[in-house]
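Residue numbers (our numbering), protein chains in the order written: chain X, 1 to 311; chain Z, 1 to 273; chain C, 1 to 302.
Source of the hints: derived by calculation from the structure; they are not laboratory data.
Because the structure is a prediction, the values reported are computed rather than measured.
Every residue, glycine too, gets a C-beta built ideally from N, C-alpha and C.
Be careful, since some hints might not be right.
[What the hints assert, rightly or not] Covered stretches of chain Z, as calculated for chain X (at least 3 residues, CB under 8 angstroms): (1) 104–112; (2) 129–142; (3) 220–230; (4) 235–247.
[Unchecked claim] Reference excerpt, derived from the structure (chain C facing chain X, CB under 7 angstroms, subset only): (5) Met56; (6) Glu99; (7) Leu104.
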Amino acid sequence: MLRFTLRRIFQIIPTVIVVALLIFVIFSVVPGSFAASLFADGKRAADPQMIARLTAELGLDKPLMERFVTYVTDLAHFDLGTSFRTRQPVIDLIADRMGASLQLAVAAMVFAIVIGVPLGFLAALRPGSVLDTVTMVGAVSGLSLPQFWLGLLLMYLFALQLNWLPSFGYGDGSFRNLILPAVTLGVTPLALLARTTRAGVLDVLNADFIRTAHSKGMSEAKVVRWHVARNALVLIVTTIGLQFGSLIGQAVVIEKLFAWPGIGSLLVDSVAIRDIPVVQGTILVIVLWFLVINTAVDLIYAAIDPRIKQG
Amino acid sequence: MRLGFNFWLGAFLTVLVILAGVLAPWIAPFDPVLDADLMNSEMPPDATFWFGTDGQGRDVYTRILYGAQISLTVGIVSQVINSIIGVTLGMTAGYWGGWWDDLVNGLTNVMLAIPSLIFALAVMAVLGPGLPSLLIALGLTNWSWTCRIARSSTLSLKSQGYVQAAQTLGYGDLRIMFTQILPNMMGPILVMATLGMGTAVLSEAALSFLGLGIQPPFPSWGSMLTDARQLIQLAPWVALFPGLAIFLSVLGFNLLGDGLRDSLDPHMRTRKI
Amino acid sequence: MTAPLLHVKDLTLGVPLGRDFHPILKGVSFQIMPGEAYGLVGESGSGKSVTSLATMGLLKKPLKVTGGEILFKGQNLLALPKREMRRLRGNRIAMIFQEPMTALNPLATVGRQIAEMFVLHQGKSWGEAEKLAVDALANVRVPNPDRRAKNYPHQMSGGLRQRVMIAMALACNPDLLIADEPTTALDVTVQAEVLRLIKELCAARGTAVLFISHDLGVIASVCQRVGVMYSGCLVEENETKALFTDPRHEYTRGLLGALPRLGSRSEHGRQRLVDIDSIIADRSKLTETRFIAPRATEGSQP
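Construct the complete structure from the given sequences, taking the supplied hints into account.
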């Protein structure tokens with residue numbers, strides 16, 4: 001198990017390197033110069049001298065290869081560069097925002113799991129029932145919802161009309177501020193989890209070993225507890241891992257909507273002002289985060305399913 | 001091939017969106033951009049303005065009809081690009097194997113490691129806002145699953161008798177891929193593209209909402225919601241209808257895709273009783 | 001004469017199709033005495049497995065019993081409340097299935113899966129039950145039972161897994177063991193061992209066996225009496241020996257003709273194996289008549 005864990009952790013490294021390379025390439029082929037766009041506010045032409053000075057200062061006048069070597073060397077020292085705008089180290093900017101983002105993502109996922117998994121389970125145990133139909137209709141609707149629109153509607157209803165919850169912001173970090181963004185962000189994973197849980201449980205219920213369990217004289221409840229739950233969990237855990245990716249992506253929009261001070265809103269703001277080192281750094285951190293979660297999921301998966309460790 | 005209720009509901013919604021987009025110039029009562037009239041701003045829905053007016057007095061109904069054009073363009077073009085990239089890479093990787101297969105696999109894994117909306121955001125950051133950049137950004141981001149499916153289908157089709165017969169007859173690799181393999185995996189690819197259209201429409205809306213996609217005053221459903229955010233207290237209909245339009249069209253694509261998949265999936269079909 | 005342990009009486013079941021009824025079993029009757037090994041033979045789709053599932057009370061949804069009784073020690077199983085039936089199932093009537101690959105939960109150790117029987121029916125604690133499970137594995141002659149009990153199904157061969165199934169089924173010393181094609185999925189050499197195991201263990205414990213197979217040879221090696229099923233009907237029933245020497249029904253003769261026999265070359269040159277020219281008959285047309293004469297072939301004709 002330890003070897004498996006270490007192997008999975010080391011497998012992250014090449015992916016991160018390639019992603020870093022990819023990000024570097026994308027932001028290097030950009031037409032026009034960053035420095036120019038930094039000054040371009042659309043109102044007046046930028047001063048060419050200013051641009052040249054800034055370009056030199058940011059090291060953007062050096063050849064591509066040299067810049068890449070610097071970039072990689074810095075990365076190896078956990079240096080993500082310096083913000084064009086604030087001149088602060090990118091890693092500090094991200095570190096400041098990381099906590100809020102983690103809080104939101106975890107809260108959204110917990111919300112999705114706590115409601116989605118039992119719902120999918122119950123639906124599968126009573127296929128064709130009202131609960132099943134409602135769950136499935138709800139799931140396909142949830143997957144088709146633009147989340148930020150749902151967020152707007154929730155904000156309108158619970159914050160502006162009913163005045164139950166704050167409409168946006170981090171506040172003092174209280175739970176009340178977290179509720180609306182977390183629920184909004186959790187809806188899509190909830191829908192998908194309900195759907196895959198249902199499909200997974202139905203699959204398990206049709207398996208031969210469930211018939212064996214019944215032939216032992218086990219009650220329905222014990223069959224579910226002893227034999228269905230663990231087998232269905234394999235699929236559920238995989239879905240949770242995959243969902244984290246799109247959840248992190250969506251979090252960018254939701255953080256912006258609710259003015260949540262996470263790395264998502266940092267990313268959007270930096271894209272808007274073309275603060276490239278921050279954009280690069282943020283994306284890299286997000287990818288790393290996603291990879292870490294997927295690795296954790298793989299490890300959980302291996303802990304549940306004894307067949308994995310063999311391979 | 002039996003297609004259920006879901007498929008037909010999805011087809012109905014899709015046709016509705018297509019009709020809205022295609023017929024917009026004829027059925028829309030106003031101009032989506034030019035008919036701004038600050039005297040008429042934030043009017044609630046009535047007989048003239050079916051869905052009310054926005055902050056600049058433009059008819060929301062008109063803008064939604066025109067918005068369908070953008071959503072459809074984004075959905076279709078991005079999925080065509082996605083499918084071409086995914087199928088080309090997946091099919092050649094599966095057929096030729098070797099180092100090319102390893103390379104494509106590695107690339108796919110890297111793409112899967114980047115959340116697709118984040119990747120699109122990065123591309124938009126480089127290319128700048130606007131429809132062409134959106135098409136490129138969304139066309140480049142979601143091909144990994146298509147690629148995986150194309151690769152695995154190719155692997156299984158490669159061992160089929162008729163493909164091997166074509167090889168024996170001395171057909172070229174490309175000819176075999178395009179005449180023997182591609183037609184036989186169109187089903188799953190089509191399903192992926194249909195489901196991908198929903199994702200693309202959602203991503204377009206999200207990017208436009210963030211101000212990185214379609215720029216005002218052009219009527220994208222997503223950018224209409226950006227304005228709506230400030231107005232939500234005064235004019236909630238400005239937020240309600242564009243979101244509803246996104247929801248119903250994405251629902252349409254998703255139901256259509258699910259329905260197609262269920263009818264194509266032999267596993268589902270043979271599971272009787 | 002003693003009372004039969006299991007008495008299946010005129011059992012009729014099938015699938016309701018709208019207003020129609022699609023019959024699968026059409027009035028099947030047979031009896032099994034305590035300690036007796038009874039075989040049901042027939043081609044796939046003839047209704048053998050459904051008969052056993054009905055006895056276990058494990059029929060799946062569209063299948064419905066519409067007539068007859070299944071008496072176990074005089075008690076009609078079909079009329080038994082769910083809870084009572086659960087108490088019998090596994091405890092008094094146990095079952096082994098065809099696929100040892102998939103019939104065991106891949107995510108639980110085999111020891112735990114056997115232990116469940118003791119927890120369910122004998123109220124043991126998990127600790128005690130796991131110890132009893134090791135004994136049960138030893139009883140079916142699994143080498144290193146205490147180590148094997150900690151194995152997962154994927155770590156075992158097909159033959160071992162089927163032994164685990166047998167250990168599980170016999171854990172509570174049932175009165176009746178239903179074995180549904182228990183050796184079909186196994187290698188021939190392993191087949192013989194598993195058959196011997198079932199035969200010896202049941203004989204030693206006085207457990208009656210309902211043995212289901214499409215293979216007359218396998219049935220003959222285990223059972224004292226055989227019922228031949230065809231298209232949802234029990235067409236012939238006899239002592240195993242008598243069935244071989246004096247088959248009465250056309251279909252039985254066909255089955256025997258399909259059996260390879262040692263020394264069949266010597267008498268009049270080479271004898272061909274005969275196949276029963278069988279596609280499963282359209283059952284809806286066979287509700288009235290039990291005869292199958294038109295499609296049976298004579299055993300010895302080429």
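Here is what the structure says about each hint:
Interface restraint, the segment 104–112 of chain Z with chain X: holds (4 residues with C-beta to C-beta distance below 8 angstroms; minimum three). With 0 residues having a beta carbon nearer than 8 angstroms to a beta carbon of chain X, the segment 129–142 of chain Z misses the requirement of three or more and the stated coverage is violated. Residues of the segment 220–230 of chain Z with a Cβ under 8 angstroms from some Cβ of chain X number 4, which satisfies the need for three, so the listed coverage holds. Counting residues of the segment 235–247 of chain Z whose C-beta lies closer than 8 angstroms to any C-beta of chain X gives 7; at least three are required, and the coverage claim holds.
Because the beta carbon of methionine 56(C) sits about 6 angstroms from the nearest beta carbon in chain X, less than 7 angstroms, this interface hint is met. A hinted interface residue such as glutamate 99(C) counts as satisfied when its beta carbon comes closer than 7 angstroms to some beta carbon of chain X; here the least separation is about 6 angstroms, so the hint holds. A hinted interface residue such as leucine 104(C) counts as satisfied when its beta carbon comes closer than 7 angstroms to some beta carbon of chain X; here the least separation is about 6 angstroms, so the hint holds.
Taken one by one, the earlier hints fail for this structure only at number 2.
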